[in-house]
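Chains as they are written, first to last, in UniProt numbering: chain A, 1 to 236; chain B, 1 to 299.
Derived by calculation from the structure, the hints in this document are not laboratory data. Heads up, the beta-carbon is just placed ideally off N, CA and C, and yes, glycines get one too. Treat each hint with caution, since some may be false.
Computed footprint of chain A on chain B; a stretch qualifies when at least three of its residues, placed anywhere within it, have a C-beta under 8 Å from a C-beta of chain A [stated by the list, open to error]:
no.	segment
1	112–119
2	278–292
If you only want the chain B side, here are some residues facing chain A, beta carbon under 8 Å, derived [to be verified]:
no.	residue
3	R7
4	W18
5	A22
6	S237
7	L238
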Amino acid sequence: MSGPAIRTQDLSLTLGRTEVLEGITLTVAPGSIHAIVGPNGGGKSSLIRCLLGQMPFRGTVELDWPGAPGRLAYVPQALQFDAGLPMTVLDFLNALDSRRPAFLRPRAATRAHLLRQLEIVGMAGKADRRMGALSGGERQRVLMAQALDPAPDLLILDEPMAALDEAGAALFETILTDLRAKGVTILWIEHDLDAVRRIADHVTALNRRVRFDGAPSHGLTPDRVLDLFSHRGIAA
Amino acid sequence: MTFEAFRQWVQSLAETGWLPSALGWGFAVNALLAGLIVGPMLGSLGTLVVVRRHAFFAEAVGHAALTGVAIGILAGEPYTGPYGALFGYCLLFAIGLEYLRGRTGLSADTLIGVFLSTSLALGASVLLILAGRINVHILENVLFGSILTVNGTDLAVLAVVAVVVTALTGWLYNRFMLASFHPALALVRGVPVRTLDYLFVMLVTVVTVASLKIVGAVLVGALLVIPAAAARTVARSLRGFWWLSVGIATFSTLAGILLPMQYDLPVPSGAAIILVAGSCFLICTALRALVPALKGDAA
């Protein structure tokens, strides 16, 4: 087991006068796939930003590592960036991976290593394509590739499958379950409830507050899902 | 080889016809050396300026330099190189601007607009006070650059700045790129995004001040932007982007210095440099329009 347990206690976030998150208390078991579902604007991405320490929140977040703190990796939501930037897929991964400035040719060993990483997500053939010229799904694959290198102990994903085709989604599910088998803790925001039912160990439904929290087979009943997404709320 | 020996060597090459005859003058060699440092340095940093959307900031710092010069002369520094006030005022301008960005709820361009005009007003006021003391026409050199005024001190300042800036941008280039490409991901990867924001405006500032004599306050920002903008329109990778930007900036600087001397044109060096860079930009945009592959969608 390499991944940590995550515990949040009474985590709240207010932006301006809007209460984005309210008293979130949840536990992510080490080495599990923990899915977070909920409507848009329900605070899923904000929760992740809080966990990453990128937003000021009230309450506590604890990461309980089995030994020395391991490596955290993050797959952000589909990249919002300047699509005209002449940055190829390899440029992007190389910039993340190495200190050798991007304007110099990457070392042969680095290039080979990055190509192997891209192969895992089926993108090796598009290594020299500009990031801006990729489809949404291809971009997601590249973002997954960067998260897998170096190997993570805690992986946080923000709707990684939003733009993926069926083959891509199946590949990502395999990658996530393989990581779980290695003991990696995975916190996964997902809108595809079928995917959550298939591979998540635990699901938390979030709409400003925790609406329910439990095993997907019990938690994601049609009634609860309807209530969650119709903003009527539900008793935990 | 000492600098003096180097200058004489270049002058002798010019006399024998191996180099343009304009380099027969000592000041021309100074200017050429300055150009050889300024061109690559601005071209390289310019790629980050364009990616980080700091073009307007680069322009504003150039204009702040005018006020810096005025304050320096008022404080008794030599009017040929009031570097104390220049670095001091411009760094204050840049750091103040960066500090307020994100704290005022204003967009960056609005905030820069406020800083720029206030600073210019201050500069104009100080200049009026100075008008009785010195010939303010000297300031034309500051505004538009003049190869005649580049002296040993300027070259020394330029060389030190170039070494520091090249070392820092080389070491941190990828991190600067990532921090602007995706700040949240960069933070997770351990990139100190906010510290780099400050460091970057400071780098642009010292580069601007050091290049002032050769390119001029009004135009130095342009040399940070135009070569990189031109390169961006046709480049298909970061490597191509950087090398092309450095190439265009160096070529523009050298051509802008040598052409007016060689052909006896009454054009200030800064203006000539930017005119050459602007022409390169036009050529690049035309190339992009004519060659579909350069639009980058096909790989």
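> Hints broken by the structure, by number, lowest first?
Replying inline: 1, 2, 3, 4, 5
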